[in-house]
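**Student:** Chain by chain, the residues:
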Amino acid sequence: MSRGAILHAENVTKIYRAGGVPVRAIHNVTVSLYPSKVLAIFGPSGSGKTTFLMMAGLIDVPTSGEVLFRGQTISNSKSKLSELSAFRRRHIGFVFQRANLIPFLTAIENVEIPLQLNDVPQASAKERALSLLNLLNVGRRANSLPQQLSGGEQQRVAIARALANKPSLLFADEPTGALDSVHGRQVLSLFREVADQEGVAVCVVTHDTRATEFFDDTVFMSDGAIVKGRI
Amino acid sequence: MNLAWKDIRFNRSRYLLTACGVGAIICATIGMIALYRGIVHEALLVIYESDADLWVVQANSHGPFAEVSRIFGTLDRRVEGVSGVRRVRRFLQFNRQFTFNNARSGFSINGLDFPKDDGMWVPLLAGRHLTKGHYETIVDISTGMVVGDVIRLGRDDFTVVGLTSGQVDASGDGILFVTVADAMDIDLYAPTEIILLSRATKTRPTAPLPGRSLSAVLVSVNSSDDIAAVKSSIERWGDVSVFTQDEEVGLVLSGALYKLRIQLLSFVFLMLVVNFAVISLAVYASVLEKLHAIALLKLMGARSRVVILMIVQYSLLIGVFGSLFAVATSVTIFPWFPRTVLMLPQDIAALIGAVVFVCVFASWFGVSRALKVRAQEVLA
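So the protein lines, in turn, are chains A and B.
End of the first sequence sits at 235 in our numbering; the numbers just go up one at a time, nothing left out.
End of the second sequence sits at 731 in our numbering; the numbers just go up one at a time, nothing left out.
One chain only, chain B, in its complex shape (with noise of 0.2 Å):
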């Protein structure tokens, strides 16, 4: 007989309360971890989905995702010269405010090295990729846009020929897919009224360097074992800064979001420390509710083990109601979120074997009130 099942039968409402408030902790708890894994994964999204072997980005800078980097428009030239390189694509990403629909959103544009990269590796819901070199945009769903709106970026209009999804950039902006060059114009739009005051002034207007301008320069070698030669190569030249993909993820882990994980891990830390807190209250008051039974359980001779296990299991039982109320209640609502809140099984496995970890050291607090019961306090 399971006792413990037999006294959640007897209490079901308070039962149900406590493991629904526990479940909603668990909860915020899976929300926190989720809304990471989504960060790090829209963060990575351009590094992987580019799938260049090397990054080429302005010298003496962590870029273009850790910080800012120009290079040359006409590096890629150059790049490809280099013996063991396959493949060089013009790389350029930046976020801007644009009005759409009457309403102001911020968009990513990433620029694809049309003809070269025509974007076929962009999953598309709807319409077609890129098949014009100027004028065209795929865009992301989180956009609000669809195939065949217009949109004014700089001084050009776009019109929407696909729509993809899942496409954001490390800020959650909705990616808008253009070739380079229509991203490189886009880039260094200026007003009208500011290229006449800067030439009044005799300045330029933007652009650090001269001519227009690239974030980075991503090279495909031959085979991985060019790899290390193709960037000493490279990083000969003095004027830029190579690195490999896992560099790149790691730039971004460490840089930008290392404070971040280190955040969201403490508040994982301090939910588990609230859901210890909460288990040990709801088992302790359960126990104490039930010390006139445990002494008559002792009186008619039940080892010490059946106690425990009764006060264990109606503590693990809270802990696998409140992770299943949490999981339900994740998969349910988290979707709506406007950022990605990207659940791994691996995580919430984790999650709740923390939480049956913090179940069963949460009932030490009930099994050491009630190993102290004596069976005469029957009688008492």
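Just chain A, with the same shape it has in the complex (with noise of 0.2 Å):
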């Protein structure tokens, strides 16, 4: 493992049966998230990205090879899904293309959803999560609905979500595939100044090779490999 990683992926592998014929979508990945760096993902639709995410955020467990969390493993082929939510709920934040705000609930209570989870009191919860929107220059919208929202504004809000348990990883699918290119870098910028500010190792999984002075390192996948990059 590499030094100083907070999170290591060994030799990934994750085979999924598809009308029981054995597909595999990643095989023998290994990459190491080191905190305060943005680390992107790049690669063509189908070259296991996603497959890839789901595994280093323990959405999903490995059909072989581990995820270890500070030098400690705590996922491979053995681990059950239901103890690794526990671990979710405390360290990671997600942001996905689209924003996935709940829609019966308004942007403050979106983001304080993570803190609820986590037995945050209330008043703090609202508190915290008011601060977030504020930072993120959307803390007048804090009670609209996500459908009164624009697209570029239920990201922010989305980010703040993710950002509200204070975790030390965040893991963005696709950021940027549903904003324009000002919305996007402004997205990317946003997930720059979290790395150097509050120490977050970031991992960005995208397609668009545009905004490379964002990230630390780039890795680039294909046919579930990686090809080419710095580990």
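Just so you know, not all the hints are guaranteed correct.
Okay, the calculated bits of chain A under chain B, using three or more residues with CB under 8 Å as the criterion [to be verified]: (1) 49-63; (2) 81-93; (3) 100-108; (4) 111-120.
Keep in mind that the hints were calculated from the coordinates and are not lab data.
Every value quoted in this text rests on a predicted model; they were computed, and no experiment measured them.
Backbone N, C-alpha and C fix where the C-beta goes; we use that ideal spot for every residue, glycine too.
Both chains come to you apart, so use the hints to assemble them.
**Tutor:** Structural data, given as structure tokens:
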């Protein structure tokens, strides 16, 4: 494992069964994430980027290989998903291509959710949520429902939600995919700030290679394997 | 944060429609239970208000409420001679159709053994109790009459001297209280033509017994210890049957009302099943709509109980609002129903308890679907 890595995926392989036929989604992928660093994983559709994100983000378990957190094995083929959810709740934030806000909650309530799942008192949760929304320039829309927000505002709220629990890891799956280039750059700039100011290890999965200046490391994937990059 | 409440806030109209639909079913269920209670109340009203320890009725009959009972009009004098008897009253009750204000209505004639019983126990809304032996009546407000009205019963005109309420018989007909002597006359009344025809054929027009007959003789004993002894003494005569008040109540409940009770309870059960189906469907549809949000909650590490609680609370809130709507509607509309609809707090509480159980059980389908949702589905 690379020294200083907060999360290290070691020879991670994932094989799905589609109609009884085994399909290898990723094969022997080894990647490390470091505090205050932004890692970008590039690759075309179907290259296995999202599958890797699910393994590293502890949403699914690998068929072989393991995922280590601060040097300790946290996920391998024998891990149970139910055990990983508690870890995700405390340490990991997610941002997706679509904001994926809960439609029946206001912006501030969406940000409060992960805090309340971690049993943070309501007053503190509200205070933290509002400060994050203000930080991301959507504080004035705190009481708006997702359907009343623009795409860019929704994505900012989603980032605020991902940061609510002060995670040590932030995974973003095509976070700029649904945004125009201006808003896309703003989002990537936010990730850069989060990494620099909060010390969060950020992993951005994208097929957009235009804004590489925001990333510390880049990895290229193709056909489920890393074909190029500095690990 | 109560996610169920937030969801309801977002989908307010749909929730209200669902809850009102459930409430309407609960309201109908309350109505059926209350109607049954009302029928029982009406059927037992005279038995309880008469406050007799023993009912002496026709031999081998279960009268006078479960079937017709005819006993000699002078039987009360015989009963008075039995040791342990404190008070004896003649009882005669029958239903007749009478015309009043050019409208034909069914009334129940109840004979009071005046002057031993002047009907002081009858609660009055207006007027007074009986003070004369003939041609006065106290009527229930449901008959539509008021104090001072005159009604022809049999061959005589009776003046309404008192107005009461809630005094109806088992069929819901308003009671007209008259003296038992007048009630006997009304009971025996036959049009002149029938009498003439009967004379021609040398048969009696009515009256299975010689002279005037009663439905029952009501007996009050000196002390409750005497009830069994007095009952046994009278039964030895052989020409009558004797029932205690509890037995009389039992005859009514296990006789005429038994099938009705079974039928109404079956309907109540069916209504609860319908409620179960409606709530299950509403909750399941709501869960299907929230599958993505549930997957997202799981991705954020939500424990299963957070998701389960959201669904069960949603279901319970449908039941709670539905119950409130049902109770409010019932209290508003049932008093306007023509028959007594008796809503007892314990019945409503039991029904709401059943609805809560139904809600929890109905949310099971939604919960089982939600628990199958995987966090990965957010990325799908």
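**Student:** Please list, smallest to largest, the hint numbers that this structure does not respect.
**Tutor:** Checked against the structure, no hint fails, so every one of them is satisfied.
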